[in-house]
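Colleague: The listed protein sequences correspond, in order, to chains A and B.
Using our numbering, the first residue of the first sequence is number -10, and each one after it goes up by one.
Using our numbering, the first residue of the second sequence is number 512, and each one after it goes up by one.
Treat the hints with caution; some may be incorrect.
Taking lysine to any residue pairs in the SDA-like style, the calculated list, with each CA pair at most 20 angstroms apart, reads [claimed, not checked]: (1) A:Lys356 / A:Ser218; (2) B:Lys555 / A:Asp148; (3) B:Lys555 / A:Glu126; (4) B:Lys555 / A:Gly145; (5) B:Lys555 / A:Met138; (6) A:Lys168 / A:Asn402; (7) A:Lys186 / B:Gly588.
Hints were generated in silico from the structure; no laboratory data involved.
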Amino acid sequence: MERTERPSRRSSAQLRRRAAARLVGLAGVLTASALVSATQEPVEQIVIGGVTPRFAVPDCVVRQGDERSRSACATISQVLRNDLRFEGLFQFVPDSLLSAIPPLHPEAPRFEDWRGIGARILVVTRAEVAGADLTVEVRVYFVDSGQTMLARRYSGRADNPRVFAHQASDDIMTLTQYKGVARTRIAYCSDRDADAKSRAKELYIVDYDGFNPRRVTVNNSLNILPVWSPDGASLAYVSYRGGGPLVYLARIFEGRSVANLTGERGDSQAFSPAFSPDGRRLAFASNRAGSMDVWIAGADGADQRRLTTTPAKDTAPCWSPTAQEIAFTSDRAGTPQIWIMDSEGLNVRRLTTIGGYNDGCAWNPSKQFSEIAYTARLEAGGFDIAVIDLATRQVRQLTQGRGSCEYPSWAPNGRHLVFSCRRGTRWELAIADREGRSTQTLATGPGNNVQPDWGP
Amino acid sequence: MLSLRFRRRLLLILAGALAAGCGGARRPPVLSAPPGPATPIEDKAVPSTTLEEGPDLRAVEGEGAAGLDLPTGDLEGGPLANIHFDYDSAALTDEARSTLEKHALWLQSHREATVTVEGHCDERGTVEYNLALGEQRSRAARDYLVTLGVAASRLRTVSYGKERPLDPASTEEAWARNRRAHFAVSR
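Make a model of the complete structure from these sequences and hints.
Modeller: As structure tokens, then:
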């Protein structure tokens, strides 16, 4: 992953306060919502086994000195460190101090050495390539007591050592209360395959760290708005390959797909498919009743029901983590805003009150947080990613000075988001934590890369 | 030197105390007790996931596009001129109405022709709301043609939102060109 600038927290806070001041000036009297600095919330304190986890992740050790094992080892170290850092929960002993330690004996680490450089948790990795197979051993120790917290041996094909490191990172994350994201993937839409004639947009999936982009659709048409099914086996998306926009469901690892999942007839069109958290239902937008409305159906397309009934434009639904409610975009009050209704279409009420253009809701899937991300026009000339807290109605702006950013999607554990930004001429994916810190571009290849969906 | 058992109990107490002590909305996640010293190593097979490129292509080969030309090749040529819209609006301007009246006449004298009315937006809105606005624009144009006597069965609508701009530039001129309804004729 490329890292762009990491502004100091103070300057970000200053920028946000300035932005907030401008906004108050523009908006006049604010209602219950208020724009607040994202950095007012305390940094999360994480504790493992009574200690603040300060990790030492020394280089992976090979069993045999062959080139393939060494290479696999080097990849595993790099990816594992990257994955653990990304989670944003742990401190790390600086690499420079690691090199001051005598060579690691993986069977019997000298814990006093590690204690001496301030490590509280030691992660020891060993790798061996034999033929087409790779075996990796990971042990995680409390340095103070020497006790083992985790001991795993991973075996599989040697052609992709990154997967081993991602697995290890997720397993280490089981020591916390959070599910790791190292094995997650992001689906998105790219025009890299277009030529002047086709102007195609095709769907891709990529590892959360930007590696291994793989093309999913090959139909030389417009394919947009991909969403993962909660089981990670399918993508629902909108394709124009049959003429007009319809929802398709593709079981992407089996090569099977279902056309027109929402059963549009005549020339009605469907957009914005969204699976309920249990994968059993699908919300979507359709114009079959005249104007664009939010509908729901079973995930197989059966039992369809219209949820919104206004002549206004109602679209872009997103589910609450309990599936009891659906947020969506509506311009029934004059401008596009985020509204909420229950999953029967009742109790419709407006959520966003700041800004004149809000769209593209994404409800944080973690039950630990109660907030919705969306695309907001907070400053003139573009969009930014905003998050509204459902209890306090406070809005925090996550992006600033990255050009125009839109289309947020939450990681499954609700601690990070992916979205798309255009600074200059090209749209690229970017990732930030839910406080808007550690924002990084996710380089996934050429072309304009948009409409990301963070999957399992 | 503290015994192992005492140390473990101490860790548990500390862990509990830390958990109880943080009274804020967020309780720090705590592992209650580390596993014992002789932890056996657990074996785990790492699955390999392969994605064959182009599963969708295989899936749709053999399905013909249902008689309708994909409006991708013809980049806005054709006998019926585009109409344009004001920013963030689906209202028909006087000029648009005048153009649509000409289209209605043309369709009267070309009775075999059917038309896909495409609704498009400029890049300055968001993806999803623009798809809805494009739908509204195409429907406005289609509905007006119907009031002018064109049979509804000859007209279909498709929204492209901002996904298919005519002009990729970021200028007022390009944006004005992109806020359009296009009429793709099939005969």
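Colleague: For every hint, state whether the structure bears it out.
Modeller: Consistency of the hints with the structure:
Of the pairs offered as hints, the one joining A:Lys356 and A:Ser218 holds, with about 19 angstroms between alpha carbons and a cut-off of 20 angstroms not exceeded. Distance restraint check for B:Lys555 and A:Asp148: the Cα-Cα separation of roughly 17 angstroms lies within the 20 angstroms cut-off, and the hinted pair is therefore satisfied. A C-alpha spacing of about 10 angstroms is found between B:Lys555 and A:Glu126, which places the hinted pair at or below 20 angstroms, so the restraint holds. Between the alpha carbons of B:Lys555 and A:Gly145 the distance comes to roughly 9 angstroms, so the proposed pair stays at or under 20 angstroms and holds.
Note on B:Lys555 and A:Met138: the hinted pairing holds, with a Cα-Cα distance of about 16 angstroms set against a maximum of 20 angstroms. Between A:Lys168 and A:Asn402, the direct Cα distance comes to roughly 6 angstroms. Compliance with the 20 angstroms bound is thereby established for this hinted pair. Between A:Lys186 and B:Gly588 the alpha-carbon distance is near 13 angstroms, which keeps this suggested pair within the 20 angstroms criterion.
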